[in-house]
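There are 2 protein chains.
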Amino acid sequence: MQKQDLLDCHKRIQPFIHRTPVLSSRLINAEVGAEVFFKCENFQRGGAYKMRGATNAILQLTDEQKRQGVVTHSSGNFAQAVSLGAKTLGVTAHIVMPTSAPEVKKIGVREYEGIIYECEPTLEAREQNANQIAKEIGATLLHPSNDIEVIIGQGTAAIELLEEQPDLNAIFCPVGGGGLIAGSALTAHYFGNNCKVYGGEPFEADDAYRSLLSGRIEGNETTNTIADGLKTTLGSNNFPIIKEHVSGIIRVTEEEIVSAMRLIWERMKIIVEPSSAVTLAALLRDKANFSDQKIGIVISGGNVDLANLPF
Amino acid sequence: MQKQDLLDCHKRIQPFIHRTPVLSSRLINAEVGAEVFFKCENFQRGGAYKMRGATNAILQLTDEQKRQGVVTHSSGNFAQAVSLGAKTLGVTAHIVMPTSAPEVKKIGVREYEGIIYECEPTLEAREQNANQIAKEIGATLLHPSNDIEVIIGQGTAAIELLEEQPDLNAIFCPVGGGGLIAGSALTAHYFGNNCKVYGGEPFEADDAYRSLLSGRIEGNETTNTIADGLKTTLGSNNFPIIKEHVSGIIRVTEEEIVSAMRLIWERMKIIVEPSSAVTLAALLRDKANFSDQKIGIVISGGNVDLANLPF
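Chains A and F, in that order, are what the protein sequence lines are. Residue 283 in this note's numbering sits at position 283 of the first sequence; the count goes up by one each step and never skips. Residue 7 in this note's numbering sits at position 7 of the second sequence; the count goes up by one each step and never skips.
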């Protein structure tokens, strides 16, 4: 991927996405001891950055592919994004969701007219179901984090962040399947001014941390984390990018995630999901290393189940 | 009050307040059947529009008055605003708060170095305590909603809203003590293009509705509403302005308030307090009368107790 691929993608998807605001909080800056700029993708269409990658991938399909629809598997945000993106572009979306997916995310998919197929909450079941639908219906399979067009699309949030704050020393992203951090790392490489990229990851699903240590993609035996978007593992397309361009993964406890989420809700008055709070938790845990720096944080989404909050 | 008073006030307080964003939601527009523009004072310093009026009132004090401090009584947002405004300007703030005030608001006051005096949760006890402190310490009493400098200050949120959306057909404000709606009504009168102003009020504390009917300030016998900022009654300075410039008060049920609050949280991903949701609830209840119009809503604040949510 070259710089021009990111620029072309950004131009391509702009009519279909929001340019989300970059917010900051004096009180959080004081607590971190650095200047923190939050790129608020919780305000993105569909409530998450995933709309960027999904839209880019669908826009790249041929007319014939568009007629046959798209299929994906996702616990939630990518499901909503593909449904909304597909609806906007007149394409049918088939969505495989684990039975464990938050109800609010299923409601979102239905509102955007995605067709839901429920499956067991394992990655294997999700992939198998999605592959089967792709085969039977002829729909194009969109991978939520390992499709190269999706990765490039996710990188466009960081393009906008760097347009507003060109001198960021680092960008923090949550790490689930790896699409957002891989895309952001490409963006930081091509558009940043020596801007490093760090991942935040729950101890309870620290596959990316272990993958970078071992040099190969590691799985999670269990994923007992509140950060429901971060349970998936890295992919063959995003892992090489992460290995090359990400400076480190910082792991955080469940308590740190809830505490950071609460801090963002109370101080910034914005609703972010637990997966999004992992980044601030990581920065707070390692704040001594980022003292007085300018830090960008990609707030990945705001789709929480209000009936089931950790407060 | 003349147009110039509002302009002078806006200029005076600008260095000390945030210019808050105006947000909108396609899904909420579709639900209302109108274009709705939310002026997000939940993002204001101190978490509420009250910072505007408090700052204006403190800035108008003489140096001698500033040395002797200020005193006010408030269930929360004005308390935080006076504490923060006073701290910013090097003035001591004495704050009378009812024992029933949400803990999150007391914490806010303490963080901003306001000195808290707890009292019984009645308007009489609040006023008596504040008057006594004014007398004993020599501090200047700032009324949360009936001080003319406070009223003008609160009107500046609507100035910014009309700068961004000059052709609003109406502005909706919550009605508690009447400071915000009186200030907004003056602003709509001087700066709007035939822009009407409506109040939203809980049935459970509908003193403003009844006051406009009877032509004199009515009290509330009980105030069993979740909208804790709207339990106070109108004042002698703001009531004449409201009578002259407000087109109507729309009352809403507690269920409508919680439902509108949930709609804002889920759709806009922003945290608003129940008092702020009263306006959208009022607009939804009466939406047939505002079909296809451009409506501004002043989101008054975002200081909620996350441990005590109605969801």
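Errors might be hidden in some of the hints.
Pairs count within a copy or across copies, as identical chains cannot be separated in the list.
What the hints assert, rightly or not - Calculated lysine-lysine pairs in the DSBU-like style (CA-CA distance at most 30 Å, straight line):
no. : residue 1 : residue 2
1   : LYS196    : LYS106
2   : LYS106    : LYS287
3   : LYS135    : LYS196
4   : LYS3      : LYS106
5   : LYS87     : LYS294
6   : LYS287    : LYS87
7   : LYS243    : LYS135
8   : LYS135    : LYS287
9   : LYS3      : LYS243
10  : LYS287    : LYS11
11  : LYS11     : LYS243
12  : LYS87     : LYS196
13  : LYS287    : LYS196
Don't read these hints as lab results, they were simulated from the structure. Small disclaimer: the values here were computed from a predicted structure and weren't measured.
Hint check:
1. LYS196 - LYS106: Result: close neither inside a copy nor across copies, 35 Å intra and 40 Å inter.
2. LYS106 - LYS287: between (36 Å within a copy, 29 Å between copies)
3. LYS135 - LYS196: Answer is neither; intra-copy 41 Å and inter-copy 58 Å both fail.
4. LYS3 - LYS106: neither (36 Å within a copy, 51 Å between copies)
5. LYS87 - LYS294: between (38 Å within a copy, 27 Å between copies)
6. LYS287 - LYS87: Between copies only: 28 Å across chains, 42 Å inside a chain, cut-off 30 Å.
7. LYS243 - LYS135: neither (33 Å within a copy, 68 Å between copies)
8. LYS135 - LYS287: Cα proximity of LYS135 and LYS287: none, with 48 Å in one copy and 47 Å across.
9. LYS3 - LYS243: Within. Shortest intra-copy distance 19 Å satisfies the 30 Å Cα cut-off; inter-copy 61 Å does not.
10. LYS287 - LYS11: neither (35 Å within a copy, 38 Å between copies)
11. LYS11 - LYS243: within (27 Å within a copy, 52 Å between copies)
12. LYS87 - LYS196: neither (36 Å within a copy, 37 Å between copies)
13. LYS287 - LYS196: The answer is within: 15 Å in one copy meets 30 Å, while 50 Å across copies does not.
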